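Asker: Going line by line, the protein sequences match chains A and B.
Add 2 to a position in the first sequence, counting from 1, and you land on the number used in this note's numbering.
Add 2 to a position in the second sequence, counting from 1, and you land on the number used in this note's numbering.
These aren't lab readings, by the way, just hints derived from the structure by calculation.
One should not assume that every hint holds.
A pair holds if it fits inside one copy or across any two, identical chains being indistinguishable in the list.
[Unchecked claim] Taking lysine-lysine pairs in the DSS-like style, the calculated list, with each CA pair at most 30 Å apart, reads: (1) K171 <-> K319; (2) K217 <-> K86; (3) K386 <-> K131; (4) K44 <-> K217; (5) K377 <-> K103; (6) K68 <-> K44; (7) K377 <-> K98; (8) K436 <-> K98.
Just so it is clear, the structure is predicted and the values come from calculations on it, not from any experiment.
Protein chains: 2
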Amino acid sequence: MSAFDNLNQHFQKIANFNHLAAICGWDAAAMMPAGGNDSRSKAMAELSVHIHGLKTESQLEDWFDKAESEQLDTDQQSQLREMKRNWQLSNVLPAKLVEAKSLAGSKCEHAWRTQRGENDWEGFVKNWKRVVELSIEEAQIRADILGSTPYDAMLDIYEPGVNQAELTKLFDEVKTWLPDLIDKAIEKQSSQSILLPTGTYSTESQKALGLEVMKLLQFDFNHGRLDESVHPFCGGVPQDVRLTTRYNEQEFVQSLMGIVHETGHARYEQGLPKYITGLPAGEARSMGIHESQSLFFEMQLGRSDEFITHLSKLANKHFAQHDSKIFEPQNLSRIYTQVKRDFIRVDADELTYPAHVILRYEIERDLINGDINYKDLPEAWDAKMQAYLGLSTKGNFTNGCMQDIHWTDGAFGYFPSYTLGAMYAAQFKASMAKDLNIGQAIESGDLSPIFNWLEQKIWSKGSLLGTNELVTQATGEALNAEHFKKHLTERYL
Amino acid sequence: MSAFDNLNQHFQKIANFNHLAAICGWDAAAMMPAGGNDSRSKAMAELSVHIHGLKTESQLEDWFDKAESEQLDTDQQSQLREMKRNWQLSNVLPAKLVEAKSLAGSKCEHAWRTQRGENDWEGFVKNWKRVVELSIEEAQIRADILGSTPYDAMLDIYEPGVNQAELTKLFDEVKTWLPDLIDKAIEKQSSQSILLPTGTYSTESQKALGLEVMKLLQFDFNHGRLDESVHPFCGGVPQDVRLTTRYNEQEFVQSLMGIVHETGHARYEQGLPKYITGLPAGEARSMGIHESQSLFFEMQLGRSDEFITHLSKLANKHFAQHDSKIFEPQNLSRIYTQVKRDFIRVDADELTYPAHVILRYEIERDLINGDINYKDLPEAWDAKMQAYLGLSTKGNFTNGCMQDIHWTDGAFGYFPSYTLGAMYAAQFKASMAKDLNIGQAIESGDLSPIFNWLEQKIWSKGSLLGTNELVTQATGEALNAEHFKKHLTERYL
């Protein structure tokens, strides 16, 4: 057996254990009763240790060395590249640092769950200091190997091929037009009236509606299912995608579009290349590309006039006892495009969302590169919120710098993916529009042409191409934020 | 660390992987869409190989040797004994034989799923011949180590401490009174009228009723849940018991009592000793004792007049639109104790069930000991069905010797557990009746005294005691089939 075959077989074994982790992880969030948590945590920790052991087995280095001089075709070279990347990500850090960061992160995150509600920055920072220190240590080690800045090395975990020089340029450009666009949109919307949902929307009706929307989006129910969890997510494995949502019986708006969003993630997973399923090259390209698919579904498809017309009909069908004026396309559209300056990222609308991300990007970049200190966080946050959204968070840690979970366990480098995803989605839409009549496809109720385009150009590529290659092959150019600007301007002005 | 501690730690690791297997196994039966099967099968096979690898690691032999001369208290000695038993069961067979039997069994079982419906004995026997041969080979290897008959060695897998001499004596005794009792019961019931369920019983109502009955039976919903699957079972782990049922909207009778049955299994699991959870000594004692708990719930509690009165009230509540005459206690009781000579074991009533089991016991015993040939099965089956239930299965393989899944993959030695369970249940009931007023406890709706008795005497013992010791400590005597005879006579005459 060639070294390449050995590697493939070994990574197939890892994929099998990852499968178990994915299903049991979904179960813990969507099915498991609270009392099952202790033994589940032990079992999951055991599985993590086992998977880490497989990823760090000593013969792998030798196999990689040999495989690199074996005769491989282009496709196999890509597979090898992604296995190696996966292996390096797992092997680059000393076990002691991994353990220390995991412990410090768990401790900080756990305490944060209470401290956030209590606005307790002083308490939080006691734990967080260590998380930041260890993250900087991690970034430095990764940076030494990559020959990059520390923050670039963290970015590389989630967005291989993206660096801070590029991101800063991109986001600086956005900052030149976004605040003004937000102002104008709010001004324009101030004269529009909106009917908000009233009454009760039963979970069963919402679920039936959600399932019908998933069918419209051609979710493959033979390879996946919809359930409920406190924090909606898209989990499972490509052949069995486990999508979750949560229902609020006071309104249907959020859960409905949440399902559209998660279905975007799900269809990407379901469309990944099957012959290398579960192997590194068969996985999603990056967090940003993953988000580009969910945001393509949620923002590009889901908020289009034609799609809103479908939603309107379906809402009328499933909520027949409610005032149908709420479900009129124009009203639904206004609900779904309402712009508001607010504190919380996860509740932010399409237009203000990038401001929340840019703020976090700039802070985490400077923090990891050592240009600001962990103590400076509240001040930096307040200054940027004032500048980008005109809101003060002075003394308000709960809805300010303590609102997100990401940093509590040291996931620095992740935030940019959200806005990169929005930008890629707008660019894919612009490019797709040259190839087919998107509005007509949505209107017809058969969205296949749209999904065929995505499947062919994005989903079926897995990680066989680098991100830049993928985007360039799909759209004829590298990432270009102009498409995003154009999309937002057209929708909000 | 002592060798005993090493063993404990190692078996804890195995328990963690068993946890994942249990949850993913439940998921495959209750949640997974059909398209997920391929990748799940691969993941589960990988996990099996891994668990088998852990159970056969070479250092274990040394640890067992050393641990046996370490200072251990009685409890630890029991733990060691059960770890060793578990280890021996996994290590006694050559890997080649395990693989060959697994392959032959899968092939035979898979083909049987079609062949049974087609009454195709000739086709079936072509595959089954190999399963029988390999099972005999397995039994012989196990027997050589245990110094027992081949069939005893197979019994030992499911019912440690039980042997064929004892079983034959027990079942021969049952055969002296059972056919006559069946005759008399059918004669007595022939003059009784029964109202059978008509109309539709919605899945939702049945589920709501089932959940309320589980509450009455004090199922701990913080450590378990109820779902649906084609073949009802009780899976998961003690801290998170996954119970399933299936609903037939034409009637509610079967699913309802099915839930009572599975809740018996579930409460045993939930009541197993927590300080050794997942370790061999912390597991259920045997298949027969497991079945004794489900049958205690289903037959001793569930069919008692006082419990039927609860069911009657609850059925009236959940099926308010139906004719309440169906739910009258006397009618419900008659439905649940109707005796019928019929072909199919899984549909058999309490009274004819032992006849089905004894028939299978005698055949599999003679088959594994080499006293009859695999070709003789249809004739032996027909002769015994004629003798015990007065039914001919000549030429009827579908509802005769091809009806069960057990033998298709070589699970010889399992069938006696069903009737052993029924006997243990009757004996536990008789003994419990000396300590407390069972009828009054059920009537009051607070069944705690009953469950406390079971928890104290059965559940909390796990596998710390041998079966005979467990039964003797709980009831003051070894297994005594007189209690079973008395129970059946009182109920059916």
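Asker: Does each hint hold? Answer for all of them.
Answerer: Against the structure, the hints:
Taking the closest pair of Cα atoms, K171 and K319 never come within 30 Å of each other, the shortest separation being 47 Å inside a single copy and 68 Å across copies. Taking the shortest alpha-carbon separations for K217 and K86, neither the intra-copy value of 38 Å nor the inter-copy value of 53 Å comes in at or below 30 Å. Proximity of K386 to K131 under the C-alpha cut-off of 30 Å is restricted to the intra-copy arrangement: shortest distance 22 Å within a copy versus 77 Å between copies. In this assembly of identical chains, K44 and K217 lie within 30 Å of each other by CA distance solely across copies; the values are 28 Å between and 37 Å within a copy.
With identical chains, the CA atoms of K377 and K103 are at most 30 Å apart within one copy only, with a shortest distance of 19 Å there and 65 Å across copies. Within a single copy, K68 and K44 get their C-alpha atoms only as close as 37 Å, which misses the 30 Å cut-off; across copies the closest is 28 Å, which meets it. Proximity of K377 and K98 under a CA criterion of 30 Å is satisfied intra-copy only: 26 Å inside one chain copy versus 64 Å between copies. For the identical chains of this complex, K436 and K98 are neighbours neither inside a copy (52 Å) nor across copies (61 Å), given an alpha-carbon limit of 30 Å.
This entry does not satisfy hints 1, 2, 8, going by the numbered hints stated previously.
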